[in-house]
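> Since the structure of chain A is provided, determine the placement of chain B on it from the hints.
These protein sequences, in sequence, are chains A and B.
For the first sequence, counting from 1, position 18 maps to 18 in our numbering; every step adds exactly one.
For the second sequence, counting from 1, position 148 maps to 148 in our numbering; every step adds exactly one.
No lab work stands behind these hints, which were simulated from the structure alone.
Take these hints with a grain of salt, some might be off.
Said to hold, decoys possible - Simulated crosslink set (EDC-like; lysine to aspartate or glutamate; CA at most 20 Å straight-line):
no., chain 1, residue 1, chain 2, residue 2
1, B, Lys90, A, Asp101
2, B, Lys71, A, Asp147
3, A, Lys117, A, Glu97
4, A, Lys119, A, Glu25
5, A, Lys150, B, Glu190
6, B, Lys191, A, Glu135
7, B, Lys182, A, Asp147
8, B, Lys182, A, Asp36
9, B, Lys90, A, Glu79
10, A, Lys150, A, Glu22
11, B, Lys71, A, Asp36
12, A, Lys124, A, Glu97
13, B, Lys182, A, Asp157
14, B, Lys191, A, Asp147
15, B, Lys90, B, Glu122
16, B, Lys191, B, Glu152
17, B, Lys71, A, Asp158
18, A, Lys15, A, Glu138
19, A, Lys150, B, Glu179
20, B, Lys90, A, Asp134
21, B, Lys161, B, Asp133
22, B, Lys182, A, Glu97
23, B, Lys71, A, Asp17
24, A, Lys150, B, Asp63
25, B, Lys191, A, Asp157
26, B, Lys162, B, Glu152
27, B, Lys71, A, Asp157
28, B, Lys162, B, Asp130
29, A, Lys119, A, Glu22
30, B, Lys71, A, Asp146
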Amino acid sequence: MIEPSLALYGEAYAKVDQHLEELLEQTGVRYCLLVDRKGFVLSHKEALWAPRPPALDSVATLVASNAAATAALANMLGERTFSEQTHQGDNGTLYVESVGDHALLTLIFDSSVALGKVKVYTRKSIEKVVVILDEIAEMPQPELGDDFSKGAVSLLDDLLG
Amino acid sequence: MSTINFAAREINCKIVYYGPGMCGKTTNLKHVFGRVPEHLRGEMVSLATEDERTLFFDFLPLDLGSVQGFKTRFHLYTVPGQVFYNASRKLILRGVDGIVFVADSAPNRLRANAESMRNLRENLAEHGIDVRDVPIVLQVNKRDLPDALPTEMIRAVLDPKKELTLYEASAAQGVGVFETLKAASRLVLEKLSQNR
Chain A
1 MIEPSLALYG EAYAKVDQHL EELLEQTGVR YCLLVDRKGF VLSHKEALWA PRPPALDSVA
61 TLVASNAAAT AALANMLGER TFSEQTHQGD NGTLYVESVG DHALLTLIFD SSVALGKVKV
121 YTRKSIEKVV VILDEIAEMP QPELGDDFSK GAVSLLDDLL G
Chain B
1 MSTINFAARE INCKIVYYGP GMCGKTTNLK HVFGRVPEHL RGEMVSLATE DERTLFFDFL
61 PLDLGSVQGF KTRFHLYTVP GQVFYNASRK LILRGVDGIV FVADSAPNRL RANAESMRNL
121 RENLAEHGID VRDVPIVLQV NKRDLPDALP TEMIRAVLDP KKELTLYEAS AAQGVGVFET
181 LKAASRLVLE KLSQNR
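If we strip away everything but chain A, and leave its shape as in the complex, we get (with noise of 0.2 Å):
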C-alpha cells in the first residue's frame, strides 16, 4: 500500500482556494492552511498585510503530527477523534479543525481576532470543503509511467550525486 499524496489542476482545486481565501477575508486571520493528515500543505493562502509565515512545511508536519497524538489521546479515552484544537499563546492562537478523514483546516491569528468569530466562520467553510474533498477522492489517480520515473531518478542522481 503506497500512497503518494497527489495535488492536481482543476476546477475542485480552485474552489477550495476561493474557499480559503473568504474564510481569510471574513475573519482576518493572518494564514489558513489545508493540510492533509500526512503532514503534506494542500492549500495555503495568507493575508496581504501579513509578515513572512513560518516555514509551511514545518508547521503543516507539526500540526499534522500533533493531531495524529491527539487522536491516539482521543482513542485512549474512547472517543473516534477529537475534531478540534486550540493553542493559545500571550499573543496568538493557532486553531485546527478537523476536514473529514483526511485534512486538517489551520488558522493562524493574532489576538485582534476573536477566537469565536474564527470557530462560526470556520465551521462553515469545512463543510464546503469537506464536499469537494470528498469529490477529488473518486477522481481517478493519473498515470505515472516509465518516463516519469526515468525523469525522477535522473534528478535523483542530480540532487544526490
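Chain B alone, transformed into the frame defined by chain A:
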C-alpha cells in the same frame, strides 16, 4: 520554501528512517541536511530532548524538482528509537511510502536491531501494511567501530532471506548516507510508476 497550492501538480512521498535507539537515524538526516543545496531543502525540524535524543521525530523536506509537470518532493522522517516510545513511533509510520532501516554494528546492539525490526513489522501490520509492500532499504551503520560485527552476521538476523538491498555506512562521517537515501527514493519512485 516555494509556495505550494492546489494549482501546483505535486507528488509527495514520505520516507521514514527506522531502527533501534542511538543507531544513527538523526545523524543520517543531519548529514543530508548539511549537504543538500539550500534551495532544494526546507528547514529541519527536530523534536528532541535536551541530550539530543529524538523524542517524537525529525523532519526534513527535500525538493526533487519537476518531472513531467509533477513537482516531486520527499519528506524524510526519523522515529524515536527507544523501546518505550512506541506510541509515537507508530504515528510517524502512518502513510509511509518507503523505509530506511538503520542497524547498529555494535556487538551489544544486535538484539536491539532484531527487536526494532520486529517492532517495525508489528507497527506496519497495525496500519494494515504488509512489509513486502513497502520498499525497505537496510543500512548497516557504524562500520567505523573497531569491534563492528560482520555485516553478514547482522543481515542474517534482520534479513535472513536476503531480500533487502543493503548498504554499509558510517553516518557520522557521511559514508553511505546518500547511497542509502538514493536507493530508497528510487524504490519509492519505481513503485509509484508501477502502481499507477
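> Compare the distance between the alpha carbons of Lys71 of chain B and Asp157 of chain A with 20 Å, and conclude whether the hinted pair is satisfied.
holds (16 Å)
> Tell me if the straight-line CA distance from Lys119 of chain A to Glu25 of chain A falls inside 20 Å.
Within the cut-off at roughly 14 Å; holds.
> For Lys71 of chain B and Asp17 of chain A, compute the direct alpha-carbon distance and say whether it is at most 20 Å.
holds (19 Å)
> Need the status of pair Lys182 of chain B, Asp147 of chain A: alpha-carbon distance at most 20 Å?
The given pair, whose Cα atoms are some 18 Å apart, holds under the 20 Å limit.
> Given the hinted pair Lys90 of chain B and Asp101 of chain A, is their Cα-Cα distance within 20 Å?
holds (18 Å)
> Checking one constraint from the list: CA of Lys182 of chain B to CA of Asp36 of chain A, max 20 Å. Satisfied?
violated (26 Å)
> Compare the distance between the alpha carbons of Lys71 of chain B and Asp36 of chain A with 20 Å, and conclude whether the hinted pair is satisfied.
At roughly 17 Å apart (the allowed maximum being 20 Å), Asp36 of chain A and Lys71 of chain B satisfy the hint.
> Decide if the proposed pair is consistent with the structure: Lys90 of chain B and Glu79 of chain A, CA atoms, cutoff 20 Å inclusive.
holds (19 Å)
> Would you mind confirming whether the straight-line C-alpha gap from Lys90 of chain B to Asp134 of chain A stays at or under 20 Å?
The hint is violated at about 27 Å.
> Would the pair Lys191 of chain B and Glu135 of chain A pass a check requiring their Cα atoms to be no farther apart than 20 Å?
At roughly 25 Å apart (the allowed maximum being 20 Å), Glu135 of chain A and Lys191 of chain B break the hint.
> Need the status of pair Lys71 of chain B, Asp147 of chain A: alpha-carbon distance at most 20 Å?
Cα-Cα ~15 Å, so holds.
> Regarding the pair Lys117 of chain A and Glu97 of chain A, is the alpha-carbon distance no greater than 20 Å?
holds (14 Å)
Checked against the numbered hints above, the structure violates hints 6, 8, 10, 16, 20, 22; every other hint is satisfied.
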